[in-house]
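There are 4 protein chains.
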Amino acid sequence: MLETLKERVFQANLELVKQGLVIYTWGNVSGIDPASRLVVIKPSGVDYETMKASDMVVVDLAGNVIEGSLRPSSDTPTHLEMYRNYPEIGGVVHTHAVWATSWAQSGRAIPVYGTTHCDYFYGDIPCTRELFETEIKDNYELNTGKVIVETINALGYNAMAIPAINVSHHGPFTWGKDPMDAVHNAKVMDTLAEMAYLTEKINGNAEKVTQHLLDKHYLRKHGAKAYYGQK
Amino acid sequence: MLETLKERVFQANLELVKQGLVIYTWGNVSGIDPASRLVVIKPSGVDYETMKASDMVVVDLAGNVIEGSLRPSSDTPTHLEMYRNYPEIGGVVHTHAVWATSWAQSGRAIPVYGTTHCDYFYGDIPCTRELFETEIKDNYELNTGKVIVETINALGYNAMAIPAINVSHHGPFTWGKDPMDAVHNAKVMDTLAEMAYLTEKINGNAEKVTQHLLDKHYLRKHGAKAYYGQK
Amino acid sequence: MLETLKERVFQANLELVKQGLVIYTWGNVSGIDPASRLVVIKPSGVDYETMKASDMVVVDLAGNVIEGSLRPSSDTPTHLEMYRNYPEIGGVVHTHAVWATSWAQSGRAIPVYGTTHCDYFYGDIPCTRELFETEIKDNYELNTGKVIVETINALGYNAMAIPAINVSHHGPFTWGKDPMDAVHNAKVMDTLAEMAYLTEKINGNAEKVTQHLLDKHYLRKHGAKAYYGQK
Amino acid sequence: MLETLKERVFQANLELVKQGLVIYTWGNVSGIDPASRLVVIKPSGVDYETMKASDMVVVDLAGNVIEGSLRPSSDTPTHLEMYRNYPEIGGVVHTHAVWATSWAQSGRAIPVYGTTHCDYFYGDIPCTRELFETEIKDNYELNTGKVIVETINALGYNAMAIPAINVSHHGPFTWGKDPMDAVHNAKVMDTLAEMAYLTEKINGNAEKVTQHLLDKHYLRKHGAKAYYGQK
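Protein chains in written order, with my numbering: chain A, 140 to 370; chain B, 140 to 370; chain C, 140 to 370; chain D, 140 to 370.
Don't read these hints as lab results, they were simulated from the structure.
Treat each hint with caution, since some may be false.
Since the list gives no way to pick one copy over another, a pair counts as held whenever it fits inside one copy or between any two copies.
[Said to hold, decoys possible] Here are the simulated DSS-like pairs of lysine-lysine, each with C-alpha atoms no more than 27 Å apart in a straight line:
#	residue 1	residue 2
1	355	285
2	276	340
3	370	360
4	360	157
5	364	347
6	364	157
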C-alpha cells in the first residue's frame, strides 16, 4: 500500500545524506497520505546504504503499525503529533545537522539576520523550552512533539509560515507540503544557522532585518502577491 | 538570438553551483551583448539541474522581455541598473554564498587584510546602507541597484577597480568583463570573506595592508605595468 | 593467520580516510581476536593508498610481533594497554581528526551539550592530564595508554560507557566492540567536538543536558531497556 | 631538458589543487635539479586544468630563463632566494590556502599546541615582519625571499627543521626535500593552522606543548634515533 508515498519518503531520506545533513542513521523523514491520513516513515536505526523503499513503515495517526516488518523510527510519536495538529503539513524531517543542532544545544532562537532567511521563514526560527523531568521519563517522543506545538501556539503563528524549529538540547525538526519540501527546509535552516552564527561573530551588535524587509522577501515568494519563480 | 551569449550565461550559472556558491536556486548570472546592449539572464526560480541554455531570457536595458517564455530572474532590475551605469561591465552575478552573505548580514565592509585581496580588489569591499522603507515597498529590486550605484559613487572609485559589493542584510553582487569573470570574482569575494573573518578572530587587532602593498599587488596584475600571467 | 581480522582492520583503516578523519598516515586502527588474544594493527607510516590487508601486523599483548614483515604502528603500546585493561574492547582507533584534536590541544573535556552526545557517550568525553617529563622520555607510547586508563579509572566509569577520550596536547583515542565500531565512535566524537565548539560560541553560558535527558537518550539505545533500532 | 623534474613539479602543482590548497592560479611549486642547480617552476597565471608538464619553465639560480616559452611564476625570485640560501631544499611551494593565509594576515606565528605539529615542525611556524615601502616598490618578490631568510636566520634554526613560514599579510611558503614533500608540508601547515585557531577558541588560555613533548615527537620521526615508519 501507498507505494508511491513510500518511494517519495525513501528518496527524501536519501536526500538528507546527499545534502550533508545526516551521517549514519541520524535522521528521519516521514510523509502523510492526504486521503487515508496514514503516515509513511523511515524504519528505526537502519543504514541509509542498505535501506529500500519497501522498508518504509506505514502507521496510522494513533501510532499503530499498519504495514511493515520493521520498527518505525523511534521519533514516530513526534512526527504524528505534528500531523495531528497541523493538517496542512505533508512531510516532516528530523536531523542532527551540525549547524542547526548547535543552535538547539545553545537554547537560542535563530535570529532573522538577512533576506535568505526571509525568503523561507517569516521570523526567527524558535527553540523550544527544555522538557521537564516527567516529560522525559514517560512518553518522551510524544512530549517532544507536544513542546513543539506548545511553542508554535504560544508564539501565535501559522505552522507553515515558519516550517522549522529547534528542540532545546536536541536538534531541528522541519516540515513542508511534502517530504522533499521538508528536506529542502532542513537544508535551508542549516544554512541559515551557519550564516547567523557567522553574522554574530563578524558583528557582535548585528541587527535583525526590519519588518519591511521581512515582509518584502517573504511575500514576494509566498502568498497571493508572490512574483518570484514561474507561474 | 544571442545563442552564444545564452550558452555563456548558462555555463556561468552552472559554475556557481560547481564552485559551491549556490544551493537550490539561490543565485543568478547575466551577461550583456556589447553590440545590441541586450541582456541575457537566468529565469526566475528554475532548478539548476533541469535548466537549459535555451531557458535564458533576453531583456533590453529598460527591462522589456525581448525573447524567452520564462520570467527573468526577480533580480533583473538590479542587474540592469548596473549595466546602465557602468558600460564597462560585461556580466553580473548575485549569490547568497555563505561567507560573503554573513558579512552582508553584519553590515560591515570586508577589510583588505592581505595580498590575496589586493590581487583582485583595489580596497575594502563595501557594504551598502540599508534600504529605506519606501525603497523596499516599491521597486525594491531597482532600488537595490540604485543603492549599489550610490555606494560606489559616494566612495568615488571606478566600478571595475572593486568589482564586488555587499547589499546590507541581503548578500553579494559581483561583476566582471564577462559572465564567467563575474563568477570568478564571486568565488574570490567569498574566499576573502572567509579569510577576513578568520584573520579578525586570530588577531582582534589585525591591521589592513599598507597602501604600498595594495598598490604593488593590484598593479602587478592590472593596468599598464602589469607583469603577472602571460602576455 | 587471522586473515578475516586483518581484512576487517584494513577496511576500518580505509574507513578513517573515507570519513575524513585522517590525512596521510595520521591514524591507526587495531582489532583483537577474542580467542587467541592476538592483536592485528596497521603498520607504521604506510600510505593508505598502497596499503594491503596482508600488510597488517599481528602482535601479542606483550608487544611481540607474531606475524608480519613491517613494523607495527608506533602507537601499538597504547593500543595494547587498552586491550589489557578492558577485555570487553574489540577495536581501538587513534586519529588526529581536526575537531577532536583541537579539544585535546585545549586540554578540556568535551561537555555533553545535547542528545546526539547522549546517544553514544554516557557523559563528558574526558581529556587526560599532560604526561610528566619522565613518562615522555621513556616508554612514551605505553605511558600514553597508562594515562588513559588512569583517567577512566579515576573518573570511575565503565570504559564501554564512554568509548572515547582525548590525550592532552595529542589527540583522540576511541574504541568499540570491533574495529569498525571504534571508527564509528571516532566519527561521532569528532562531530560532537565540532558541535560542542559551536554551541559554546553561540551561547557563552551554554548548559549541559540534565541527567534525566542523558539517561533517556543513552538508555533508549544501550542496555536492557533499549528500544532504538531493530530487534 | 630535465623532463623528469618537470613531470614531478607538474604533478606537485596538481596535488595542490587535489589537496584543496589552491583555487584558480593561486599557488606555485618549484623543484631544483641537484646536479645542474637549475630550477623548474610553474608558469605564471596558467590554469591548472589546461597546464601540461611541458609548460614548466627552467630557470637558473640567477633567474635567467634557460628553457620554456612561457613566463615563469611571478614569485620565482622568492623561490630562488630560498634555493640560494638553503642548499638542502629540493622543492618550494607557495599558496594562498585559507587557514595558513589567515594566520599570515593576522601577523602571528602559529603556536605549537600539539603533537601533530611536533611531528613535522620543530617549533612555532614563524610569521615574517612586514616589508618596508622600499622593499615593496623595487624587487618585491626577491625581497619577499630575503625577509624569509632574515626571519629564519634571526630565529637561528635550521631551515629544514621548520620547513614552513608565513609572510606577513601575504601567505605561506613551505619547502621540503623534493617538490611533493613541499606540498605535503603545505597541507600539514594548513591543517595545523586550522587546529591552532580552534584550540585558541576552545581555550583562551591554551598552552603550548612542553619542550619534552616537542622533542619526543619530532625526534621519533626525524634524526638518528627516529623509530616512526618503516626502515
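The hints, checked one at a time:
Taking the shortest Cα distances, residue 355 and residue 285 sit within 27 Å of each other only across copies (17 Å), while inside one copy they are farther apart (32 Å). In this assembly of identical chains, the alpha carbons of residue 276 and residue 340 never lie at most 27 Å apart, being 37 Å within a copy and 30 Å across copies at closest. In the homo-oligomer, the alpha carbons of residue 370 and residue 360 lie at most 27 Å apart inside one protomer (11 Å), although the nearest pairing across protomers, at 46 Å, exceeds that limit. Taking the shortest Cα distances, residue 360 and residue 157 sit within 27 Å of each other both inside one copy (26 Å) and across copies (26 Å).
For the identical chains of this complex, residue 364 and residue 347 are intra-copy neighbours only, at 24 Å inside a copy versus 45 Å across copies, given an alpha-carbon limit of 27 Å. Taking CA atoms no more than 27 Å apart as the test, residue 364 paired with residue 157 passes in neither setting, with 33 Å inside one copy and 33 Å between copies.
Violated hints, in rising order: 2 and 6; the structure is consistent with all others.
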